[in-house]
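Engineer: These are the residues of each chain, in order.
Protein chains: 2
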Amino acid sequence: MRFSELYAPTLREAPSDADLISIKLLIRGGFVRKVAAGVYAYLPLGLRVLKKIENIVREEMDRIGCQESLLPIIQPAELWHESGRWDDYGPEMMKLKDRHERDFTLGPTHEEIITSVLRSELRSYRQFPLSLYQIAVKYRDEIRPRFGLMRAREFIMKDAYSFHTDWESLDKAYKKFYNAYSRIMDRIGLRYLVVEADSGAIGGNESHEFNVLAKSGESTLLYCDCGYAASDEKAEYMLFDKSNSVEQMSPLERVETPGVRTVEEVASFLEKQPGDIVKSLLYHGKKGYVMTLIRGDVTLNESKLKAHLGDQSLRLAEPQEVLELFGVPIGFIGPIGLPDNMKIVADHTVKPLANFVVGGMKEGTHYVNACYGRDFNIDEWADLKMVQEGDPCPKCGKALKGTKGIELGHIFKLGTKYSEKMNGYFTDENGNSKPYIMGCYGWGISRTMSASVEQLHDKNGIIWPLSIAPYQIIISALNTSDEQIMKVSEDLYKILQKKNYEVLLDDRELSPGVKFKDADLIGIPLRITIGRKLKEQKIELKLRTSSPKDVEVDEKYSKVLEKIEELLNNYNPGNFLEVR
Amino acid sequence: MRFSELYAPTLREAPSDADLISIKLLIRGGFVRKVAAGVYAYLPLGLRVLKKIENIVREEMDRIGCQESLLPIIQPAELWHESGRWDDYGPEMMKLKDRHERDFTLGPTHEEIITSVLRSELRSYRQFPLSLYQIAVKYRDEIRPRFGLMRAREFIMKDAYSFHTDWESLDKAYKKFYNAYSRIMDRIGLRYLVVEADSGAIGGNESHEFNVLAKSGESTLLYCDCGYAASDEKAEYMLFDKSNSVEQMSPLERVETPGVRTVEEVASFLEKQPGDIVKSLLYHGKKGYVMTLIRGDVTLNESKLKAHLGDQSLRLAEPQEVLELFGVPIGFIGPIGLPDNMKIVADHTVKPLANFVVGGMKEGTHYVNACYGRDFNIDEWADLKMVQEGDPCPKCGKALKGTKGIELGHIFKLGTKYSEKMNGYFTDENGNSKPYIMGCYGWGISRTMSASVEQLHDKNGIIWPLSIAPYQIIISALNTSDEQIMKVSEDLYKILQKKNYEVLLDDRELSPGVKFKDADLIGIPLRITIGRKLKEQKIELKLRTSSPKDVEVDEKYSKVLEKIEELLNNYNPGNFLEVR
Chain A
159 MRFSELYAPT LREAPSDADL ISIKLLIRGG FVRKVAAGVY AYLPLGLRVL KKIENIVREE
219 MDRIGCQESL LPIIQPAELW HESGRWDDYG PEMMKLKDRH ERDFTLGPTH EEIITSVLRS
279 ELRSYRQFPL SLYQIAVKYR DEIRPRFGLM RAREFIMKDA YSFHTDWESL DKAYKKFYNA
339 YSRIMDRIGL RYLVVEADSG AIGGNESHEF NVLAKSGEST LLYCDCGYAA SDEKAEYMLF
399 DKSNSVEQMS PLERVETPGV RTVEEVASFL EKQPGDIVKS LLYHGKKGYV MTLIRGDVTL
459 NESKLKAHLG DQSLRLAEPQ EVLELFGVPI GFIGPIGLPD NMKIVADHTV KPLANFVVGG
519 MKEGTHYVNA CYGRDFNIDE WADLKMVQEG DPCPKCGKAL KGTKGIELGH IFKLGTKYSE
579 KMNGYFTDEN GNSKPYIMGC YGWGISRTMS ASVEQLHDKN GIIWPLSIAP YQIIISALNT
639 SDEQIMKVSE DLYKILQKKN YEVLLDDREL SPGVKFKDAD LIGIPLRITI GRKLKEQKIE
699 LKLRTSSPKD VEVDEKYSKV LEKIEELLNN YNPGNFLEVR
Chain B
159 MRFSELYAPT LREAPSDADL ISIKLLIRGG FVRKVAAGVY AYLPLGLRVL KKIENIVREE
219 MDRIGCQESL LPIIQPAELW HESGRWDDYG PEMMKLKDRH ERDFTLGPTH EEIITSVLRS
279 ELRSYRQFPL SLYQIAVKYR DEIRPRFGLM RAREFIMKDA YSFHTDWESL DKAYKKFYNA
339 YSRIMDRIGL RYLVVEADSG AIGGNESHEF NVLAKSGEST LLYCDCGYAA SDEKAEYMLF
399 DKSNSVEQMS PLERVETPGV RTVEEVASFL EKQPGDIVKS LLYHGKKGYV MTLIRGDVTL
459 NESKLKAHLG DQSLRLAEPQ EVLELFGVPI GFIGPIGLPD NMKIVADHTV KPLANFVVGG
519 MKEGTHYVNA CYGRDFNIDE WADLKMVQEG DPCPKCGKAL KGTKGIELGH IFKLGTKYSE
579 KMNGYFTDEN GNSKPYIMGC YGWGISRTMS ASVEQLHDKN GIIWPLSIAP YQIIISALNT
639 SDEQIMKVSE DLYKILQKKN YEVLLDDREL SPGVKFKDAD LIGIPLRITI GRKLKEQKIE
699 LKLRTSSPKD VEVDEKYSKV LEKIEELLNN YNPGNFLEVR
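Top to bottom, those sequences are chains A and B. Remember, our numbering sits 158 above the position in the first sequence when you count from 1. Remember, our numbering sits 158 above the position in the second sequence when you count from 1.
One or more hints might be untrue.
Chain copies aren't distinguished; within one or between two, either way the pair holds.
Once the Cα atoms are required to be at most 30 Å apart in a straight line, the calculated DSS-like pairs of lysine-lysine come out as [said to hold, decoys possible]:
| id | residue 1 | residue 2 |
| --- | --- | --- |
| 1 | Lys714 | Lys656 |
| 2 | Lys209 | Lys721 |
| 3 | Lys652 | Lys330 |
| 4 | Lys645 | Lys707 |
| 5 | Lys192 | Lys579 |
| 6 | Lys192 | Lys209 |
| 7 | Lys255 | Lys444 |
| 8 | Lys617 | Lys373 |
| 9 | Lys333 | Lys445 |
| 10 | Lys182 | Lys255 |
| 11 | Lys501 | Lys445 |
| 12 | Lys333 | Lys652 |
| 13 | Lys657 | Lys334 |
| 14 | Lys592 | Lys192 |
| 15 | Lys192 | Lys253 |
| 16 | Lys645 | Lys334 |
| 17 | Lys700 | Lys652 |
| 18 | Lys652 | Lys334 |
| 19 | Lys656 | Lys209 |
| 20 | Lys559 | Lys617 |
| 21 | Lys691 | Lys617 |
| 22 | Lys656 | Lys334 |
| 23 | Lys559 | Lys721 |
| 24 | Lys209 | Lys657 |
| 25 | Lys192 | Lys255 |
Calculated from the structure, these hints are not laboratory results. Note that the structure is a prediction, hence the values are computed from the model and not measured.
Given these sequences and hints, build the entire structure.
Structural biologist: Quick look at the structure:
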């Protein structure tokens with residue numbers, strides 16, 4: 159492609175509402191344009207990157223025998239009523255009515271559609287296992303769309319669904335997808351970490367996330383040299399199960415703590431440590447209210463609580479709700495004197511404690527010397543702790559390390575959640591009717607583009623890995639009115655294209671400075687500079703992440719071509735940055 | 159691909175609501191499934207066809223220097239308010255609100271979006287000409303979705319937009335697209351006809367449609383051996399402009415015509431011919447009501463009327479409206495005694511007439527012996543006639559022929575319609591600001607799949623042209639428990655794949671009858687049958703549209719391979735059918 163003909167309007171400044179380096183650089187480099195909050199147009203360079211990502215994902219899906227199909231974007235509401243998710247999904251689901259006032263959603267995911275398409279036709283055990291995927295546009299009506307393509311409202315995903323007659327078959331497919339996802343990551347060439355993950359509202363029993371490492375990542379990941387890795391929502395830790403072996407329980411006492419609210423304030427006021435306080439947090443779910451207790455110096459992990467109680471609709475009670483329920487502001491509630499039928503779930507961090515501080519259930523007071531078993535009863539013990547860097551690895555006990563990631567892939571064992579609700583049954587060898595077992599496997603295609611830029615960039619612009627660069631080589635012809643320079647530039651352009659390199663020929667009538675700046679901004683892996691040195695039979699080869707090197711020009715460009723091959727074969731910009 | 163692993167559920171019967179042979183066969187063949195009215199899922203075979211169509215279109219767009227991009231599906235209402243089309247487009251436009259109650263549409267077309275994306279950046283004459291395209295999902299909320307993929311509500315289009323500083327440049331681009339579209343048709347291999355077309359609500363000055371010929375086509379096309387061809391909405395005819403050279407105008411008379419309503423009824427009642435009647439049709443548009451007159455035996459072409467009056471919002475007045483306006487039922491209105499300010503537009507067919515019949519403007523009456531000029535005045539003459547087979551060609555005067563087509567491509571010279579309204583201005587060589595000139599170019603991707611089946615099928619199923627067949631070759635291994643048959647089948651499968659043929663190996667444990675039926679239904683161009691004849695060293699090659707031929711199997715399959723190449727190279731199923 160000739161740069162003079164390419165529509166790639168580069169900008170000096172990013173728009174003021176671009177909030178992450180990736181969206182700033184993608185806009186400045188002419189890859190994308192914002193059309194509305196969270197809604198983007200892909201210009202030719204952006205689409206090239208997108209197609210390369212799509213093709214890598216497509217090839218790896220095809221390789222494991224997953225068959226490409228294409229499901230509709232608008233989905234009838236009835237299917238979501240069947241699965242029970244029409245209301246569950248909440249305002250993040252974009253909804254519309256057709257001219258006959260029939261409800262539709264712009265699909266955020268396609269479990270309902272695929273189950274409905276297959277349910278009348280996938281009937282005999284002979285038809286299993288089966289897996290289908292699509293690469294398509296999806297929607298999520300984010301309340302505040304941000305981070306460019308990372309939290310867009312319209313985005314491109316690959317989603318796959320697998321169907322099985324038994325768990326063993328699902329396990330096999332899950333492993334295949336796991337390996338395919340690892341290959342996709344390897345082929346793209348970004349640093350990544352696979353972690354155990356929470357399956358959240360999608361449901362199911364086992365789940366892994368494939369994260370690209372980046373400082374700006376929204377996911378906190380914990381990992382250990384022993385191989386253990388998990389998202390913070392899922393991470394466990396080695397529990398040294400100590401019960402409280404208190405020598406003496408001191409008498410319970412209600413003390414005045416006027417105006418103190420946070421754990422830190424209470425601890426400081428009472429001259430104690432945060433670890434001596436037990437936090438009481440009230441949640442509301444499908445079965446009403448539940449009180450949770452956790453040590454004051456650790457954070458409660460809501461995903462673990464939801465999983466423990468099997469209730470994805472759980473939410474922290476609002477201050478106003480708490481006030482109406484107990485007549486006490488939220489900072490002063492506690493486990494003593496609760497209604498008998500209110501369940502108390504305590505985190506394991508509470509177990510070794512005695513003589514601790516809890517809310518006084520009266521404004522401006524706390525109890526000191528509280529002890530469970532004596533002053534109140536705990537109904538259930540659970541691991542509710544948000545694990546942090548430094549906590550002991552649940553596998554080996556060594557201190558966990560922490561890093562930040564951007565989730566690109568997420569795979570789930572769904573089990574029979576959808577098939578049971580949506581009549582997805584098959585007949586087994588013995589003539590019995592059973593719900594089939596499903597897996598689902600998502601990959602963020604447009605997000606991959608952003609994640610790559612978040613991980614790989616420098617002050618001059620984007621650094622694309624070779625695998626997804628819009629062009630592999632840019633030829634910067636420095637003086638377009640110099641016949642010799644243009645002849646060599648055109649020659650090389652044609653020769654390299656014949657060798658199946660993707661080449662951008664910068665034939666614009668612009669200064670060398672502007673051409674170099676654009677080449678760096680756009681992030682092309684290899685720049686060939688053809689300028690004054692040509693008089694000495696030399697041109698310059700420069701990888702995006704290294705300094706330029708002169709190469710001699712002979713008649714058939716043999717040295718140049720050899721060097722280009724060598725440079726590109728060894729180009730690994732992921733090594734260039736210290737991320738993890 | 160092994161048929162045993164392919165998800166292509168074939169059906170014996172089409173669902174009862176499948177209304178065209180194409181959707182019946184596409185569903186029966188396992189290519190698509192209906193999810194809701196006008197909303198379809200593409201199963202693996204269907205997606206393969208779709209991708210092949212996309213790739214042909216993509217290659218021809220790339221070849222003319224049109225650059226691929228990707229625009230959002232959801233479009234903010236503000237842009238449509240700017241162009242004035244938010245209300246114009248009517249209930250066919252799918253609309254939705256996001257969680258902040260902001261209006262969006264699911265784009266039926268992308269003139270607004272592309273203009274808004276480019277307007278702030280396409281500013282200097284140096285940046286022109288430019289053309290961009292996308293292949294994407296589009297929406298049209300049909301009141302009664304029907305004809306399968308032909309009038310779906312969610313469908314896939316290629317849409318391109320070109321930008322120019324002068325008309326000459328637009329003309330050049332238009333010609334390029336015209337040629338590219340002809341190449342796309344040639345490459346797909348269906349019989350087609352390019353016709354002059356009406357540009358309708360899209361607007362602009364010149365427009366052509368690319369139609370696949372099919373008996374079930376919704377478009378009526380007129381054409382002539384001299385090369386003239388037009389859609390019936392656009393078609394003109396050679397006008398032998400005769401004014402009325404009446405010897406004697408008879409006296410106007412109002413006669414009783416109780417209970418007669420249609421032209422035929424009136425003619426029969428008065429013992430006249432339909433050509434002696436002048437029909438009066440009342441329309442309503444932006445400037446109020448307008449009365450149109452046309453000879454009783456021809457049909458009024460609303461597209462011509464809209465174009466003549468420059469008002470795309472024109473519609474026939476409702477019976478109730480007419481009754482309220484004139485106090486007369488719709489069958490008895492006429493041009494005599496109309497309010498002075500009501501414009502009368504008459505078709506050229508009225509010009510030679512005198513002493514004709516018109517509505518009496520009183521229920522149950524008609525005027526006979528009416529003459530324009532004497533009894534009422536005509537404000538404008540226009541060509542409003544729906545041209546039909548047999549009318550004289552406007553170029554050469556010979557009788558026009560008629561046929562039916564399915565519109566796949568439509569190209570338009572838009573001019574400055576959108577750039578003027580949406581601030582799409584550039585600075586020319588002299589520093590003057592001017593609106594840029596646009597063209598737009600659509601191609602129905604998913605519709606191409608249906609149109610192909612409409613044109614090419616027989617009682618046994620689909621007949622794909624080689625270019626878009628999901629697989630080129632199917633190997634029917636007739637007895638999967640016969641080792642020799644399976645060895646040859648597997649050998650050929652591998653050899654043909656290595657030679658880059660797309661091959662489906664029917665390795666299912668099913669009877670020969672079922673395998674043959676499926677191969678025909680799915681429409682694979684070449685079937686290789688490997689069965690009993692193998693004992694005599696023979697296998698059978700059969701093109702979808704011819705009878706089988708035995709070919710000898712030698713050790714390296716050289717004769718088989720040679721024959722396959724020859725058969726596929728000469729496969730042209732379009733010649734097999736008499737369409738035009």
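Engineer: Taking each numbered hint in turn, which are not upheld by the structure, reported in ascending numerical order?
Structural biologist: 9, 23
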